[in-house]
Amino acid sequence: MKGGFVKNLPKVYGLYTGGFAVFILLMAMAEQAGVSAKNIGVMFVAFTVLIYAFIGYLSRTIQVDAYYVAGRQVPTVFNGMATAADWMSGASFVALAGGVYFGGYTYMAFLVGWTGGYVLVATLMAPYLRKFGCYTVPDFIGTRYGGNLVRACSVFVLFIASFTYVTAQINATGTIASRALGIPFEAGVWVGLISILICSMLGGMRAVTWTQVAQYIVLIIAYLIPVFWISNKVGGGVFPHLMLGDEVARLGELEQQFGLVKNSAADMKAAGVPGGLKYISGTHAGVPEGGMAVWKYLSLAICMMVGTASLPHILMRYFTTPSVKAARKSVAWSLFFIFLLYSSAPMLATLSKLALMDPNLPTGIIGKSISDVQSIEWVQRWSEVKQVFIADFNGDGILQLNEWFMRGDVVVLATPEVAGLPFVISGLVFAGGMAAAMSTADGLVLAISNALSHDIYYKIIDPKADTAKRLLVARVLLVIIGAAGAYIASFRLTSILGSVAWAFDFAMSGLFFPLVLGVWWKRATRQGAIAGIITGILSGLFYLLWVYPKFSVPIFGGVNTPFLGIDHLRFGLIGAPICLVVMVVVSLMTKEPDAATQKMVDDTRIPTGKAILGKQH
Amino acid sequence: MSNKDAYWAKTKNHMIVTLVLWAFFSLVVFMFGSELNTMSFLGYPLAYYMTAQGSLLAFVIMLFWTANKQEKIDEEHGFSEREED
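Top line first, the protein sequences correspond to chains B and E. If you count the first sequence from 1, you need to add 1378 to reach the working numbering. If you count the second sequence from 1, you need to add 573 to reach the working numbering.
Treat the hints with care, as some may be off.
Cross-link-like lysine to aspartate or glutamate pairs, in silico, EDC-like; alpha carbons within 16 Å at most [as the list claims (entries may be wrong)]:
no.: 1; chain 1: B; residue 1: Lys-1977; chain 2: E; residue 2: Asp-578
no.: 2; chain 1: E; residue 1: Lys-583; chain 2: B; residue 2: Asp-1770
no.: 3; chain 1: B; residue 1: Lys-1900; chain 2: E; residue 2: Glu-654
no.: 4; chain 1: E; residue 1: Lys-585; chain 2: B; residue 2: Asp-1980
no.: 5; chain 1: E; residue 1: Lys-577; chain 2: B; residue 2: Asp-1980
no.: 6; chain 1: B; residue 1: Lys-1988; chain 2: E; residue 2: Glu-654
no.: 7; chain 1: E; residue 1: Lys-583; chain 2: E; residue 2: Glu-649
no.: 8; chain 1: B; residue 1: Lys-1416; chain 2: B; residue 2: Asp-1980
no.: 9; chain 1: B; residue 1: Lys-1647; chain 2: B; residue 2: Asp-1770
no.: 10; chain 1: E; residue 1: Lys-577; chain 2: B; residue 2: Asp-1770
Where chain E lies over chain B, by a calculated footprint (3+ residues, C-beta under 8 Å) [to be verified]:
no.: 11; region: 1495-1509
no.: 12; region: 1554-1560
No wet-lab data here; the hints were simulated from the structure. Fair warning: this is a prediction, and the values are worked out from it, not measured in the lab. The beta carbon of each residue, even a glycine, is placed where N, CA and C say it ideally should be.
From just these sequences and the hints, can you work out the full model?
Here it is, written out as structure tokens:
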């Protein structure tokens, strides 16, 4: 692919989008003709994955800069789409609306956190890292501060943060593949892994970029069509984002009417509620009272924002733009594309909740007789796989709000069915979830293997390696990292490994301040950076071990009460400040960086002129 | 003050302005969640609207604005990149 391809991008992806629309119509016709729901799901996932694999194959390369940074020729808007796909994980796609459904206002701190972080990326990081000309995030830290130790430390942080994240993504890919294709979860994980590797192995960053754009198009279509369709169907208005005010108010009334009851753990255990299923016990739009509630909201938002700005698989997307100016604009476009999905998640949650709760709607189930509800087709199907559950606590035979249990994912996966949309839409949603999970997994696996191959192998172990050998090592590592992630995911350890939020906390503990101060503070020294990274990541890690109830480490005295409400989702608030203080103190105690380093920082700050690191390095 | 220093001073100021706006929409607004929720916007309670959509939209607009402003600063000081073809 040469300049011609880049110029023709709008045409290529326009045709692709049109082709996908035709495919959806064909599937709709197939459904009418009597093809089973299951086969439609299989065809949706198989067709889209084959297209990604084809794009991955077309983008194969034997050049180092194409492999690491897509030849730095990805146009602004397309890089925005690729970043949005890279960013929005399988979890965002299937679980975000469910989180809002159950968590209401408090949960939406994640929405603010996962978007606000891009302001930090655009102002503090992206344009400067682009000017620097690095291939990976540790490449910047290693060159700015100088030396192998600081490079290795940053690779270590990158590895912990990205690997925590990638197992969750491969897990999501496996879950969706297994449901859509009707195969066991363990097999689904390996099918997912192979799809992920086909997209990235031959072409590295270049292949991942062009598949991510294709995946974004699929996932955004798959998310928005149901939201608009359902909104119109349940009378929410043609444009739900602007028109659901009455529905939100109506939910408040219904909450009053049914009452928000908290079940005791003993009751739930006695009734045999399957693990991971939740019920509504909080208000949808109400703000919890009290200073602690405000602090909980703000602290979560801060962790997610600062974490976003330190996640290497996101930062490295901005190394691929043609210029510094393009990198800045590209962050804005990324956030625009992310906004399209994130602003729709609360709307989907509102519609889904209303569809189930409003007795005036034909879809309403709360307040109806339990035997009637149990005879509804979708309730039966999702009960069989233990995704929904009914427990008649008060024994009156009527379904109360606190007697209806559901897994969060069901909000996205089943709402089309609940609202009576044709199955073709559910197949589309499966394809969207698969696209979201694959695109993030691709970006993460590539971020890890690039750091290991470029920063550890090439820069530290064998600086004389030729291009062929470097790319071979990069590809072998890619397969190893992917396989390791899939292996861990196949054990379903994710409930033990905890939340994807940890990836954000790890990244902010060890990388945020070394990156920011590397550009904005000339006085920051190598010793300061090393000390900051090590103390930041270790203090964060130890705090996590100390505070997370499931670990309950004996030497830390078992289960501990979070300090100032800083629980396991927020441990970056311990790591990052320690990293900052140590880095500043040690930097001031050591000799100021030499003239060459200071000049390097000066050059980084200006958009024009040569990059610090050459095109091939 | 050299041109480079002047450029960097302006860039720094611009960064601070952007981050103040950012802090307003991401943090300050939500310090007053319960107070704001008594007001309404488009029929939504205001704090709910801000966390579901408003602040997100503010970030998007802010990023386009901040990129354009920074480009103007680049041009003023002659550090603007040539358009690549």
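Is B/Lys-1647 close enough to B/Asp-1770, meaning Cα to Cα at most 16 Å? 13 Å, holds
With a cut-off of 16 Å on the C-alpha distance, tell me whether E/Lys-577 and B/Asp-1980 pass. Roughly 8 Å between the alpha carbons, so the hint for E/Lys-577 and B/Asp-1980 holds.
Quick one: see if chain E covers the region 1554-1560 of chain B, three-plus residues with Cβ-Cβ under 8 Å. violated (count 0)
So if I understand the rule, the pair passes when the alpha-carbon distance is 16 Å or less; does E/Lys-583 with B/Asp-1770 pass? 65 Å, violated
Has the given pair, B/Lys-1900 with E/Glu-654, been kept, meaning a C-alpha gap of at most 16 Å? 24 Å, violated
For the pair supplied as a hint, E/Lys-577 and B/Asp-1770, is the alpha-carbon distance within the 16 Å limit? Distance ~72 Å between E/Lys-577 and B/Asp-1770 Cα, so the pair is violated.
Coverage claim, chain E over the region 1495-1509 of chain B, checked by counting residues with Cβ within 8 Å (three needed): Since three or more residues must qualify, the claim that chain E covers the region 1495-1509 of chain B holds, with 7 doing so at under 8 Å.
Hint consistency between E/Lys-585 and B/Asp-1980 [alpha-carbon to alpha-carbon, up to 16 Å]: 13 Å, holds
Given the hint that B/Lys-1988 pairs with E/Glu-654, does the C-alpha gap stay at or below 16 Å? Distance ~11 Å between B/Lys-1988 and E/Glu-654 Cα, so the pair holds.
Is the straight-line distance between the alpha-carbon of B/Lys-1977 and that of E/Asp-578 16 Å or less? 13 Å, holds
Can you confirm whether the C-alpha distance between B/Lys-1416 and B/Asp-1980 stays at or below 16 Å? 59 Å, violated
Holds or violated: E/Lys-583 to E/Glu-649, with C-alpha atoms at most 16 Å apart: Holds - the C-alpha atoms of E/Glu-649 and E/Lys-583 are around 10 Å apart, at most 16 Å.
Comparing the model with each earlier hint shows violations of hints 2, 3, 8, 10, 12; every other hint is respected.
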